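Based on the hints, put chain B in the right spot on chain A.
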Amino acid sequence: MGKLIKQGKLSTYSYHDSAGNIYKKKTGNYKNMNAVDNLIRYITRTRQDESRFDELKYWNAIGFDNTDVSIVIQQFTHVQSIMRDHTIRKAYHFTYSPDQNEKRLINKDYCLAALIAYNQALLFYNAGYQTVVAVHDTKDNNLHFHFVLNSVNYITGKMFHFSISEDQPILEAAMTNTSYNLIALNRSIEYPFIYQGYN
Amino acid sequence: MKENKNRKNKTVSLRLTDSEYEFLHANANNNDQTISAYLLDTKIPRNLTRSYKRSLIPVKVHIQQSLNILGEYLSSHEDVDPILQEEIMKISKECNKLWEN
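Residue numbers (my numbering), protein chains in the order written: chain A, 1 to 199; chain B, 1001 to 1101.
Next up, chain A with everything else stripped away, as it sits in the complex:
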């Protein structure tokens, strides 16, 4: 089974000031103002002076105008500002790493990888959460998919809640199921979308 990992876990780091006092700071929950911007630009590899663009194989934004990354970011925050007064956690970030068997079957076919990632992202979109999806493959053959979810439901305005103990196994199974189903169909289906940012 492929592995789903929730990124941005609550973690603390400590630092010393000039007077020698120790401070602890919480980090990694996508709460600051630039979190959405940084996160989406990171997974779509559109940061300033981007040096790892070759790792990006595909990206798409479901429920957003996907012609430009800056429009996606704008619409992401627009939905939050209209639907809720205050949004503390702006986004949820997941990565899905296919297991060895899936990787062997995908066999560096990035069109197929893109199709799997897109359909896995639809699981979130169909539940009411807009999603930005990206496929990365690093030099050391680490194929993985990124999913950035809008933490606000665009239909109900409710926040996304995720329990690692309860929701993760269900979601992981659904994603792996989607993946194997599409691998089984393989080239007999017509791809219903183009591959933006596809190298």
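A couple of the hints might just be wrong.
Unchecked claim - With a Cα cut of at most 27 angstroms, we get these calculated DSS-like pairs of lysine-lysine:
1. A:Lys158 / B:Lys1053
2. A:Lys3 / A:Lys139
3. B:Lys1097 / A:Lys158
4. B:Lys1090 / A:Lys31
5. A:Lys6 / A:Lys103
6. A:Lys6 / A:Lys139
7. B:Lys1053 / B:Lys1093
8. A:Lys158 / A:Lys139
9. B:Lys1053 / B:Lys1090
Unchecked claim - If you want the ones that stay clear, here's a sample from chain B, every Cβ over 10 angstroms from chain A, calculated:
10. Glu1078
11. Val1080
12. Pro1082
13. Ile1083
14. Leu1084
15. Glu1086
16. Glu1087
17. Ile1088
18. Lys1090
19. Asn1096
Keep in mind that the hints were calculated from the coordinates and are not lab data.
Note that this is a predicted model, so its numbers are computed, not measured.
The beta carbon of each residue, even a glycine, is placed where N, CA and C say it ideally should be.
Leaving out everything else, chain B in the frame of chain A:
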């Protein structure tokens, strides 16, 4: 536009500034076929409530996603009717206007 928050009733309304309101009036008096004239003629209240904007969000997102799929289909198929292509471009522009509001 200015956003007013009423903490007691937990309502938020968007209110046009005086200059914006005067501008709309001026356009309406000139019988201009503008949105402003439409707003005044149909007597839409001066305050656009936030719940109204909120109700538009699912519509916007659904239209946007449908346009994405259509756009992706068009760009992956060469033999598409140009008239249909033009129509879709028009709808796409209209949808972008929706997002601006």
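| request: Could you check the structure against the hints above and give me the numbers of any it violates, in ascending order? | output: Numbers 4, 8 and 19, in rising order.
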